[in-house]
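Based on the sequences and whatever the hints tell you, model everything.
Listed below, chain by chain, are the residues.
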Amino acid sequence: MDVSELVKTECKMPDSRYAGLWDSIVVDVSIKNRLLRSAALSFRLRADLPFEVTALHGLTILYGPPGTGKTTLARGLAHQLAPLTTQRSARLIEINPHGLMSAEHGQSQRRVTELLTDYVPSLVDDGIPTVVLLDEVESMVVARSQASLAANPADVHRATDAVLTAIDSNASSLPHLVFVATTNFTGAIDEAFLSRADVAICVPTPDAAGALAILKTTLNAMSESFAPLAKLAQNPALKQVASALAGMDGRRIRKTISEAMLGRIETVIEPGVLTIDDLLSAAQLVKQSAHITQSNLGGRNGAH
Amino acid sequence: MERTRLIAAAPVRSASEAWQVLTTLLSDTLERGSSIPTGSVAAVLANLNGLGPALIAGGHLESKGIVLVDEGLHLTIRVLTADAALDVEENLNPVPGGASATDGWTIYFPPAGPLDKALSSAVKSSPHLSTAEPPASAPAQRSERAAKSLIDVDALRGLGN
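The listed protein sequences derive, respectively, from chains D and V. The numbers in the numbering used here rise by one with no breaks, and the one at position 201 of the first sequence is 764. The numbers in the numbering used here rise by one with no breaks, and the one at position 116 of the second sequence is 316.
Hints are computed from structural coordinates only; laboratory data are not their basis. As the structure is a prediction and not an experimental result, all values here were calculated from the model. One or more of the hints may lead you astray.
Said to hold, decoys possible - Here's a subset of chain D near chain V, in silico, CB distances under 8 Å, partners left out:
| no. | residue |
| --- | --- |
| 1 | A603 |
| 2 | S652 |
| 3 | Y682 |
| 4 | G835 |
| 5 | T838 |
All residues carry an ideal CB built from backbone N, CA and C; glycine is no exception.
Below, the structure written as structure tokens:
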């Protein structure tokens with residue numbers, strides 16, 4: 564397998580396809596500020612000072628429950644950084660970590676090394692500030708302390724070692740590169756990887772105000788095709804729907820609208836006739852469904 | 201950073217084909233930089249088009265290989281034959297560091313036994329070719345380039361708090 568196949572995305576910003584991502588995620592503004600500032604500061608300090616002084620690895624970890632927008636924020640980061648750079652350009656590289664792991668002896672380590680110390684550096688050779696997204700990073704930096712050699716091939720351990728070596732190497736040699744890793748399972752990530760993070764940012768589930776903003780944004784976006792939904796977005800009773808959905812992940816909150824539409828055949832035929840009652844009913848259904856799912860999981864996923 | 205690339209020759213490919221692969225790898229690496237014109241690397245190596253395949257066929261690039269050196273770039277390319285060629289895992293992607301290559305790039309050739317005289321004569325055709333011992337590491341990049349500012353402070357101020 565050519566390691567170039569492990570790069571899902573490689574594009575320069577600004578790019579209109581990525582323009583709306585950052586704003587589409589409704590989180591406390593301090594989370595976005597912290598993410599943007601951490602990348603900008605990393606570029607600023609690492610370009611001028613040696614690693615021995617800054618101790619910055621250029622690694623940010625976004626953690627939190629699924630569906631909260633971690634990956635979307637990371638994808639949008641490069642677009643946000645572009646106007647802040649001297650070259651007015653930034654690059655996004657998205658890695659598929661699942662493709663790095665191989666059942667063949669020694670292959671995982673070889674792929675990680677080739678990808679992170681050779682192929683990615685060759686892509687960023689032009690010096691343009693670059694964000695490398697390692698989505699669901701727990702699959703490539705397995706916690707070695709918790710991994711049994713009987714259950715986990717030594718290859719996995721060596722692959723984790725290879726990631727750490729690559730992060731260390733790139734920290735000083737590529738000051739224009741930052742890694743943003745996302746995870747739902749911080750407990751499954753190797754401690755040495757976590758310790759290399761310059762900053763770890765929790766992306767929580769939205770509160771009622773956040774849920775309301777997500778509902779309004781989604782309804783307004785849908786109103787471009789189904790105009791009456793813009794009026795529904797202004798309905799004061801939408802706050803009740805949002806209160807019922809507070810604490811759920813953003814993805815589920817968005818899907819509550821389509822859940823409401825499938826409640827009646829009329830709204831399937833003409834989504835614009837959706838009412839606040841449809842939304843309230845759907846919110847209750849979604850809430851019950853989430854409660855059952857959480858009870859069944861019993862908090863096994865270890866998300867922090 | 202010092203890097204090594206391996207290229208398979210016979211029985212995987214002929215010496216001439218392996219020389220072409222080597223030429224392409226060097227061109228793809230160096231010509232990513234704005235200061236190296238497209239086609240210029242191949243033009244320099246064209247002076248060795250008869251000799252290059254002979255060096256490979258004679259096994260002269262197996263152990264030491266050729267070494268490309270420039271600011272921040274130290275690349276050894278070895279061309280393997282026989283069993284070693286069958287086992288090699290090639291990586292023919294452009295080598296990191298090439299995009300900032302300068303016009304001072306040099307390719308160093310190892311001793312070539314009976315071909316030494318012909319090689320010494322051929323490398324005189326270009327200042328980019330040499331039979332001298334290559335430096336042990338890449339020269340440091342010029343400080344003004346290494347310390348290039350990445351972030352526009354005025355744009356940052358525009359973000360406010």
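Minimum Cβ distance from Y682/D to chain V below 8 Å?
OK, holds: Y682/D within 8 Å of chain V, min 6 Å.
Go through the hint on T838/D and say holds or violated, using the shortest Cβ distance to chain V against 8 Å.
Result: violated, 41 Å to nearest chain V Cβ.
Does G835/D meet its interface restraint, that is, does its C-beta lie within less than 8 Å of any C-beta in chain V?
With Cβ-Cβ at 39 Å, over 8 Å, it is violated.
When the nearest CB of chain V is found for S652/D, is that gap smaller than 8 Å?
violated (11 Å)
Status of the hint placing A603/D at chain V (closest C-beta pair under 8 Å):
Interface hint status for A603/D: holds (5 Å vs cutoff 8 Å).
Hint violations for this structure: numbers 2, 4 and 5, all remaining hints satisfied.
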